[in-house]
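J.: Listed here are the chains, written in short residue letters.
2 protein chains.
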Amino acid sequence: MAKKRIGSRTVKLENGPVIISTSSIVGPKEAQGPLKDYFDIKLDDDLYGEKSWEFAESKMVQTVVEHAVKKANKTIKDVNYMVAGDLLNQLLSTSFAARAVSIPFLGVYGACSTMAQSLSIGSMLIDGGFADLVAASTSSHYCTAERQFRFPLELGNQKPMTAQWTVTGSGCSLLSSQGNGPKVKYITIGKVIDEGITDANNMGAAMAPAAVDTIYSYFNDTKDDPNSFDMIATGDLGKVGMQIAIDLLKEKGIDISKVYTDCGVEIFDLENQDVHCGGSGCGCSASVFNGYIYKMLKDKKFNKVMLVSTGALLSPTSTLQKESIPSVAHAVIIANE
Amino acid sequence: MAKKRIGSRTVKLENGPVIISTSSIVGPKEAQGPLKDYFDIKLDDDLYGEKSWEFAESKMVQTVVEHAVKKANKTIKDVNYMVAGDLLNQLLSTSFAARAVSIPFLGVYGACSTMAQSLSIGSMLIDGGFADLVAASTSSHYCTAERQFRFPLELGNQKPMTAQWTVTGSGCSLLSSQGNGPKVKYITIGKVIDEGITDANNMGAAMAPAAVDTIYSYFNDTKDDPNSFDMIATGDLGKVGMQIAIDLLKEKGIDISKVYTDCGVEIFDLENQDVHCGGSGCGCSASVFNGYIYKMLKDKKFNKVMLVSTGALLSPTSTLQKESIPSVAHAVIIANE
Chain A
1 MAKKRIGSRT
11 VKLENGPVII
21 STSSIVGPKE
31 AQGPLKDYFD
41 IKLDDDLYGE
51 KSWEFAESKM
61 VQTVVEHAVK
71 KANKTIKDVN
81 YMVAGDLLNQ
91 LLSTSFAARA
101 VSIPFLGVYG
111 ACSTMAQSLS
121 IGSMLIDGGF
131 ADLVAASTSS
141 HYCTAERQFR
151 FPLELGNQKP
161 MTAQWTVTGS
171 GCSLLSSQGN
181 GPKVKYITIG
191 KVIDEGITDA
201 NNMGAAMAPA
211 AVDTIYSYFN
221 DTKDDPNSFD
231 MIATGDLGKV
241 GMQIAIDLLK
251 EKGIDISKVY
261 TDCGVEIFDL
271 ENQDVHCGGS
281 GCGCSASVFN
291 GYIYKMLKDK
301 KFNKVMLVST
311 GALLSPTSTL
321 QKESIPSVAH
331 AVIIANE
Chain B
338 MAKKRIGSRT
348 VKLENGPVII
358 STSSIVGPKE
368 AQGPLKDYFD
378 IKLDDDLYGE
388 KSWEFAESKM
398 VQTVVEHAVK
408 KANKTIKDVN
418 YMVAGDLLNQ
428 LLSTSFAARA
438 VSIPFLGVYG
448 ACSTMAQSLS
458 IGSMLIDGGF
468 ADLVAASTSS
478 HYCTAERQFR
488 FPLELGNQKP
498 MTAQWTVTGS
508 GCSLLSSQGN
518 GPKVKYITIG
528 KVIDEGITDA
538 NNMGAAMAPA
548 AVDTIYSYFN
558 DTKDDPNSFD
568 MIATGDLGKV
578 GMQIAIDLLK
588 EKGIDISKVY
598 TDCGVEIFDL
608 ENQDVHCGGS
618 GCGCSASVFN
628 GYIYKMLKDK
638 KFNKVMLVST
648 GALLSPTSTL
658 QKESIPSVAH
668 AVIIANE
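Each protein sequence line maps, in turn, to chains A and B.
311 is the number that this note's numbering gives to position 311 of the first sequence; each next residue is one higher, with no gaps.
Just remember that this note's numbering sits 337 ahead of the position in the second sequence, which is counted from 1.
Simulated from the structure, these hints should not be mistaken for laboratory data.
Everything numeric in this text was worked out from a predicted model, so none of it was measured.
Certain hints may be false.
[Stated by the list, open to error] Calculated Cβ distances over 12 angstroms to all of chain B for the following chain A residues:
#1 P160
#2 F229
#3 D247
#4 T261
#5 D269
#6 L270
#7 D299
#8 K301
#9 T317
[As the list claims (entries may be wrong)] Derived BS3-like pairs: lysine-lysine, alpha-carbon spacing no greater than 27 angstroms straight-line:
#10 B:K349 - A:K3
#11 B:K349 - A:K77
#12 B:K589 - A:K77
#13 A:K3 - B:K408
#14 B:K388 - A:K322
#15 B:K589 - A:K3
#16 B:K340 - A:K3
#17 A:K74 - B:K349
#18 A:K185 - B:K414
#19 A:K12 - B:K340
#20 B:K522 - B:K407
#21 A:K185 - B:K340
#22 A:K3 - B:K366
#23 B:K366 - B:K388
#24 A:K185 - B:K349
#25 B:K560 - A:K77
#26 A:K12 - A:K322
#27 A:K3 - B:K407
#28 A:K12 - B:K576
#29 A:K77 - B:K340
#30 B:K595 - B:K632
#31 A:K51 - B:K411
#32 A:K12 - B:K349
#33 A:K77 - B:K366
#34 A:K12 - B:K388
#35 B:K522 - A:K3
#36 A:K223 - B:K388
#37 B:K576 - B:K349
#38 B:K366 - A:K12
#39 B:K366 - A:K74
#40 B:K407 - A:K252
We treat Cβ as the ideally placed atom computed from N, Cα and C, and that holds for glycine.
Hey, can you work out the whole structure from these sequences and the hints?
T.: Structure representation (structure tokens):
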């Protein structure tokens, strides 16, 4: 068996790629939420000076990559790979940001699981000796996602209470083979799981089984203790999906309830911000991880966390063709020494 | 510098991941082309028994993954990762194929550069000690791509002579840490290059500078000799882009003309199959590499090849927003011992 594999699905990173810096940017609504003090850049205007929301989102990606590099006292030329993607068709915002920064580019798509996916691939490229510095990034924008996946905003459509609110935000982690900071220790890559949910306004229920499969695999492979974590954070299951994840894991004999939260539940004030079940979108776990969680690790308020970004891999085309929602979740375990 | 890096952009794979098997599948038109004897599976009907072209494409992906695994006398459970993507929004065909095969899944998007991208990531995961067996795959389908990127086929739109024909095809390479077969030796990951071309019916001209940037970087990093290759094959620049690539590389002092071809030019009979500048689509370099090139390596008719799949990262949305076409190309060097 490959020397870094543990159990059936998990890998152990022997050299512990270091997250030497992060950057996060959010839109006006997210900047009013409970995590507002943790984000690096808060936009007053979700057009960000651009001619369209798509290119505003692209500028957000470019901004966090450049900002994370600058915070680490590095230059763009030092970065060996940009591993990144977003929710838009053909990764529009990421592709154009990659053009702007001119870093060798590996585009990834995992819907809202992208932050954990780009962190995973980036970490393995460093741990495997292929890179010294990797920028792992993703983004989403309420206005671009809504018009692509659901309806033009101008229609003013109502959503059911199980729906989530796509976060306008982006985040970048700068992974390094050297330096100081929290280290990526283990990675469990998810399988595509589909329990037959067809309601695109209930993504939490669709994605929860994928999160459960990945979290269970990690604990089964490593025999680690859930309570050794300061936080286990799913990407964005929202309020409904979060409870499903807790229940399904308890049925499998794993109780994460003491340390568990969801980025989609953390980023908004669910009582007062009219976001129904919470935040969603690649930018949700990206901004919560690179804003809040990373800083808690860096300040030694957290010692060990698991980020499990979750993605729903449906497309409007597959939905029209009456298919249910395939989902995926990847787990990244990050700890201080 | 990370121990496997050479020069500014290239990595050397010390453990030489082995391509132990491949599988290729093509549609009826490709099955009448010059490479027809090299493809494993040739479809009479491009719906492949499914209810839509999208799910026909998805079944093609599933078929080549399962077929490559079977040819190597392995089982699906032995495969640690599926690294794959396609041209469709949200990687529709790949996501649903990943659901069917249930292999831990890393979705990638690089437009028509995807075969080289999935081979690159898969090879680094094996060489880095994270996996024993990786399925690297991609696909495209004339009917799904045309209606997503251009016009519904029913309209019968005409194309200019610079346009290319999207290949209906899929291919999978099964990468292994052990076994016999050609090995992946070097990888050069591309930057996103955009020289301002805005004509989506002239993708070859848009993508050629990206191919040139990557090929030049490889030779600059390694000081390798172009004529040491039996074949350097770009992904799908077509007839026009191919000539541009030769000319631009000559200007930079590198002459690849003796060993150079393009998968888009090879897969069709350009004189008689009415495909204008040649084939395109992720499935083009996927079927040509996994069908023709791999077999030439396996039979020792080729000893050393470079696959440079090229991708145009435009989206219909960015085109409507008057943006030019960003492109990317990745180079994978494969050789017998």
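J.: Confirm or reject each hint.
T.: Going down the list of hints, with the structure as the test:
1. P160: Per Cβ check, P160 (chain A) is outside 12 angstroms of chain B; nearest 22 angstroms; holds.
2. F229: About 22 angstroms separates F229 (chain A) from the closest Cβ of chain B, which puts it past 12 angstroms; holds.
3. D247: holds, 23 angstroms
4. T261: holds, 25 angstroms
5. D269: Given a closest Cβ separation of 30 angstroms, the condition holds.
6. L270: Consistent with the label, L270 (chain A) stays out of reach of chain B, its closest Cβ about 27 angstroms off (over 12 angstroms).
7. D299: holds, 29 angstroms
8. K301: holds, 31 angstroms
9. T317: T317 (chain A) not clear of chain B: closest Cβ-Cβ about 6 angstroms, inside 12 angstroms.
10. B:K349 - A:K3: holds, 19 angstroms
11. B:K349 - A:K77: holds, 20 angstroms
12. B:K589 - A:K77: holds, 22 angstroms
13. A:K3 - B:K408: holds, 25 angstroms
14. B:K388 - A:K322: holds, 11 angstroms
15. B:K589 - A:K3: The hint is violated at about 42 angstroms.
16. B:K340 - A:K3: Cα-Cα ~18 angstroms, so holds.
17. A:K74 - B:K349: Distance of about 25 angstroms is within 27 angstroms: holds.
18. A:K185 - B:K414: Distance of about 25 angstroms is within 27 angstroms: holds.
19. A:K12 - B:K340: holds, 19 angstroms
20. B:K522 - B:K407: holds, 25 angstroms
21. A:K185 - B:K340: Roughly 20 angstroms between the alpha carbons, so the hint for K185 (chain A) and K340 (chain B) holds.
22. A:K3 - B:K366: violated, 45 angstroms
23. B:K366 - B:K388: Holds. K366 (chain B) to K388 (chain B) sits at ~20 angstroms (cutoff 27 angstroms).
24. A:K185 - B:K349: Holds. K185 (chain A) to K349 (chain B) sits at ~25 angstroms (cutoff 27 angstroms).
25. B:K560 - A:K77: Holds: K560 (chain B) and K77 (chain A) sit about 21 angstroms apart, inside 27 angstroms.
26. A:K12 - A:K322: violated, 39 angstroms
27. A:K3 - B:K407: holds, 25 angstroms
28. A:K12 - B:K576: Violated, at about 46 angstroms.
29. A:K77 - B:K340: holds, 18 angstroms
30. B:K595 - B:K632: Holds, at roughly 21 angstroms.
31. A:K51 - B:K411: Answer violated: K51 (chain A) to K411 (chain B) is near 52 angstroms, above 27 angstroms.
32. A:K12 - B:K349: holds, 22 angstroms
33. A:K77 - B:K366: violated, 45 angstroms
34. A:K12 - B:K388: violated, 43 angstroms
35. B:K522 - A:K3: holds, 20 angstroms
36. A:K223 - B:K388: violated, 44 angstroms
37. B:K576 - B:K349: Distance ~31 angstroms between K576 (chain B) and K349 (chain B) Cα, so the pair is violated.
38. B:K366 - A:K12: violated, 46 angstroms
39. B:K366 - A:K74: Violated. K366 (chain B) to K74 (chain A) sits at ~51 angstroms, over the 27 angstroms cutoff.
40. B:K407 - A:K252: Answer violated: K407 (chain B) to K252 (chain A) is near 33 angstroms, above 27 angstroms.
Violated hints, in rising order: 9, 15, 22, 26, 28, 31, 33, 34, 36, 37, 38, 39 and 40; the structure is consistent with all others.
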